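Participant: So you can see what is in the structure, the chains are spelled out below.
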Amino acid sequence: MRSIAENDLGTPARESAKQVTLIIDGRSVSVPEGTSVMRAAALADLKIPKLCATDQLEAFGSCRLCLVQIEGMKGYPASCTTPVAEGMKVTTQNGKLAQLRRGVMELYISDHPLDCLTCPANGHCELQDMAGAVGLREVRYGYEGDNHVHKYVPGKGEANPRFVAKDESNPYFTFDPSKCIVCSRCVRACDEQQGTLALTIQGRGFDSKVSASVAESFLESECVSCGACVQACPTATLTEKSVIAKGQAEHSEITTCAYCGVGCSFRAEMRGEEIIRMVPNKDGHANHGHSCVKGRFAIGYATHKDRITKPMIRAKISDPWREVSWDDAIAYAASEFKRIQGQYGRDSVGAITSSRCTNEEVYVVQKLVRAAFGNNNVDTCARVCHSPTGYGLKQTLGESAGTQTFDSVMKADVIMVIGANPTDGHPVFASQMKRRLRQGARLIVADPRRIDLVRTPHIEAAHHLSLRPGTNVALINSIAHVVVTEGFVNEDFVRARCDLASFDKWRIFVSQERHSPEAMQDVTGVPAAEVRAAARLFASVPNAAIYYGLGVTEHSQGSTMVMGIANLAMATGNVGREGVGVNPLRGQNNVQGSCDMGSFPHELPGYRHVSDDVARGAFEAEWNVKLSPEQGLRIPNMFEAALDGEFKGLYVQGEDIAQSDPNTQHVTASLSAMECIVVQDLFLNETAKFAHVFLPGSSFLEKDGTFTNAERRISRVRKVMSPKSGVGEWEATQKLANALGYPMNYTHPSEIMDEIARLTPTFHGVSFDKIDRLGSVQWPCNDAAPEGTPLMHVDAFVRGKGRFLVTEYVPTTEKVNAKYPLILTTGRILSQYNVGAQTRRTENLAWHSEDRMEIHPHDAEVRGVVEGDWVGVTSRAGDTVMRAHLTDRVQAGVVYTTFHHPFSGANVITTDNSDWATNCPEYKVTAVEVTRVSQPSEWQKRYREFSDRQQELLRAAVTDVSVK
Amino acid sequence: MKQANRKVIPIQPVPGGNLPPEQRLAVQAAVQANRDQPGNLLLVLHAVQDRLGFVPPDAVALIAFELNLSRAEVHGVVSFYHAFRTAKPGRHVLHLCRAEACQSVGAAALEAHAKKSLGVDFHGTTADGAVTLEPVYCLGNCALGPALMIDDKLCGRVTPARFDQFVADMRA
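From first to last, the protein sequence lines stand for chains D and C. Letter 201 of the first sequence, counting from 1, is numbered 201 in full-length UniProt numbering, and no numbers are missing. Letter 167 of the second sequence, counting from 1, is numbered 167 in full-length UniProt numbering, and no numbers are missing.
Honestly, the hints are just simulated from the structure, not real lab data. Note that the structure is a prediction, hence the values are computed from the model and not measured. Hints are not guaranteed to be accurate.
Covered stretches of chain C (chain D as the covering partner; in silico rule of three or more C-beta atoms under 8 Å from a C-beta of chain D) [what the hints assert, rightly or not]:
1) 40-52
2) 148-157
Cβ-to-Cβ under 8 Å is the rule here; a few derived chain C residues that face chain D [unchecked claim]:
3) 57
4) 71
5) 72
6) 73
7) 95
The following label-pair restraints were derived from C-beta to C-beta distances [as the list claims (entries may be wrong)]:
8) 47/D with 109/C: 36 to 44 Å
9) 42/C with 944/D: 50 to 58 Å
10) 217/D with 104/C: 42 to 50 Å
11) 93/D with 109/C: 48 to 56 Å
12) 61/D with 42/C: 17 to 25 Å
13) 46/C with 718/D: 24 to 32 Å
14) 37/C with 542/D: 46 to 54 Å
15) 93/D with 50/C: 49 to 57 Å
Note that CB positions come from ideal geometry on N, CA and C, so glycine has one too.
Produce the complete structure using the sequences and hints provided.
Facilitator: Here it is, written out as structure tokens:
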């Protein structure tokens, strides 16, 4: 079912410099060459009846309802498949066309149930609309004959062999074949939009039927539940269960998804304050009307019973929680922070901002730290994911962000994916990438594991560089070696755009024989010939683009690798235009934004160092307070300082450090050593179990603000329901600042953005009004680029000349040995999201209800492990137990797991090793041993005990008498 | 939500893992011979059916994997063409023409005779496993109707008596 708010123009837009003018029903219309007659008519506000056409899919021409007459053409061409021509004269309505259309509709309706009044699509059914549009008054063919509608043969008791019962296997939508008109829109949506090709039309003629894979249930089929088919369906055949349960939405509001860094634009379709369904926005610049299973369907967490909606406090973490009023909670938190600062010094408190929250919310938290706490002890979860991106790209290109728009991938000739798993982590962008690959772009994947993209229907990587975890830099150096020594350097680009002294130094460095693929193959495990071929392919096409993820950054040499990537892009001239670039696939919805907003202990908003007197002066003037020029504590420093007894108070905004940060036992020991932890979250997450003050947070549906996605696109988040806690997150932070004695008086998040714009050069032109007007805007947005900057570094790098940096490969200290012979690496899965606080509270569990340890059959065999066995995983940091999954996706010697479930304890195993420059943890390399076991690990037993106890304390929460 | 009872869907089941060795070999040989041809799916399906007499449903996953297609795509093609069968046929397949030209010279009577004498309806296989009866719409042998095809051999001017003889030969 299409969005209730969108106007379907029938066929997709065409781009052409040439305009064609034609006459449709007497109206003159000018459209780009290649546009269909149907779309041209729709643009002139003429509605041609249609069923199989929708502007999200290429024309198909099967329903025969959109027939028109065109002067000089024979017969009745289908307007969806007929392109416009200069001077064409089209008639869309006359008696003959009406008669033909009624005849077609009669045939459709003769095999369609007449239960419109009780049908979930009632009020928004295209078949119903078309019956009305063509004036259908009778169906001459009767309903007694052969049909797919009735369970039993009409008039007889026998079962109707054509009838197929509703498939309700998917947790979010149903498939009711009896209502299907076989328009193929679902099949085409799966093919063209999603690129999974999980649907087909089975059989032919009257036997034709939509089939998921080989006539399987949707849940068991190849379907990834993106919902594109549900959106495409013109009838109730594929319908959201939420629509079946609740009915049609009555209004819709555009907002931005709060899951990954793609930042899809959605229409929240609402009834009052109740959400009926999420429909991806056709006009969304990042997603163009597409979505994944998380964004479209996994929103149940927002109204989950586990949501905590009242502030709570307790003196010790062994005490039961006490529900109190907002004022009391804030007053308690403020008095504790003041007491701690009085007792242990100004630097003994700090905060962690969340990349899940809006720019405005993050901004006020860092402002609170700098202005009210009076220190720079603010860090963000980007520390543990993309901090090396910020650092590495700033050093080389001059700006801490990706260089392109997502749409740029449609111009790439070679796509190199390094340490990213787009089909699971960034599924909507992956669909776009797959579309480009099906058009013929070549693919190079550098990943220790055979991710889906390596080989998936109609897509096969030209090269899969299956390197050993931790050898990224060695690999990128060998690729660079081939580029430099085989004459692939784009000398013109380098001479014009880059700093030549640094280039020469780098050229000499990577030319050294010790970096050749042959010399490095024993380190990386990738055959030299494969590396050479991949490097040649990358460097020999007009447009080569690099996309990378946490497999690049979460290493001891994360920053080095980011620089290596930037070096390679510059040396081959692949920066500054469409189809190329350095593209970090950011993890969280607003990780780019939280970094932009000054969430780092060394940087003010806009990436300006706290020691920069000019920048700091501007903030001091605006904020009317003296700011510290001293760099503050990073997250790992906070933990260390807590264990040393110097850091006692922490304000955690919507982040679950006790599950997401490495070496869990170290983290929880640090948390236990603090005296006041304030957690602001939707749920009693793992960190909240160590907290003293709980401030209920609000979901993205409950607030106004902005998110900034991986392409620097600032999009609006709009409040569609009131905050369940009664107080927005920025308001809670503001109350805390006021209670700490620093006045904040914003009345709306737009005022916060106005302040950000005043103080941050790259945001000078940003305002809620402008975003509302343009849909979204990509920073830098200022006087030089009033409508934003889709592509960066076009004529010159932000830092002036692109700087090459020497990237010496230094092996990680995390080494395998006889005791820990395997390397553990981690990743995500499509249906779950990071710590899973949200997705675990949705029906997405149907796809992934537990984390499993992927192990190569050879490694499993020598350990006597078979599929589904419980295995103990032990590292130098800790041990846990999970079930084994045998697969050759991982190479021998490497094991892999996801980390979405707290009980899995994946981060109990990961170590304290981190990136040399930014302290980004080395999640991707941990030496482990795997053994068959029969019971949970000691940590898991302790965890379960502690977690159960904390849940009891929550249930025992007593309501303070002051709360009414 | 009950967690314990939920099934974890395997990340990637082994394609064609439950195929008997003979069938797996047939698919692999078919793929080997035709992989690089344009439109390879139809060629592979024909090769598999030529060797096994049918396209086993469990072969769909393996064919899809080998040709890098989705299972849905392969299923769509197999189910579209009546020529591809998904169950093992009798030792011989008898295609009886039901198109207009043959009908005008007695095909309907021949059809009735065939069904009665074999004791099966269309798509059925005789109890002794000798013959599978299939309808076909025109064998291009209109001048010599009624026509039928036994395995790959085309026969014209088929009378009930000749039909019985053919069946007897097939059973011999």
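Participant: Compare the structure with each hint and give your call.
Facilitator: Tested hints:
1. As drawn, the segment 40-52 of chain C meets chain D at 0 residues by the rule of a beta-carbon pair under 8 Å; below three, the given contact is violated.
2. Beta-carbon proximity to chain D at under 8 Å applies to 0 residues in the segment 148-157 of chain C; the threshold of 3 is not reached and the given coverage is violated.
3. The beta carbon of residue 57/C is positioned within 8 Å of a beta carbon in chain D (closest approach about 7 Å), and the interface hint is therefore held.
4. Annotation: residue 71/C was flagged as interfacial toward chain D, and the flag holds, the nearest CB pair being 4 Å apart, inside 8 Å.
5. Because the beta carbon of residue 72/C sits about 4 Å from the nearest beta carbon in chain D, less than 8 Å, this interface hint is met.
6. Given the 8 Å rule on beta carbons, the hint for residue 73/C holds: about 6 Å separates it from the nearest Cβ of chain D.
7. For residue 95/C, the interface hint is violated, the least distance from its beta-carbon to any beta-carbon of chain D being 18 Å, above 8 Å.
8. At about 54 Å, the beta-carbon gap between residue 47/D and residue 109/C misses the expected band of 36 to 44 Å.
9. Take residue 42/C and residue 944/D: their Cβ atoms lie about 56 Å apart, and the range 50 to 58 Å holds.
10. Range check, residue 217/D to residue 104/C: Cβ separation about 47 Å, and the 42 to 50 Å hint holds.
11. Between residue 93/D and residue 109/C the beta carbons are some 52 Å apart, a value that agrees with the proposed interval 48 to 56 Å.
12. Between residue 61/D and residue 42/C the beta carbon distance is about 23 Å. The supplied range of 17 to 25 Å therefore holds.
13. The hint said 24 to 32 Å for the Cβ distance between residue 46/C and residue 718/D, and at roughly 56 Å that hint is violated.
14. Evaluation of the 46 to 54 Å hint for residue 37/C and residue 542/D yields a failure: the beta carbon distance comes to about 31 Å.
15. Taking the beta carbon of each, residue 93/D and residue 50/C are about 53 Å apart, inside 49 to 57 Å as hinted.
Violated hints for the displayed structure, listed by number in ascending order: 1, 2, 7, 8, 13 and 14.
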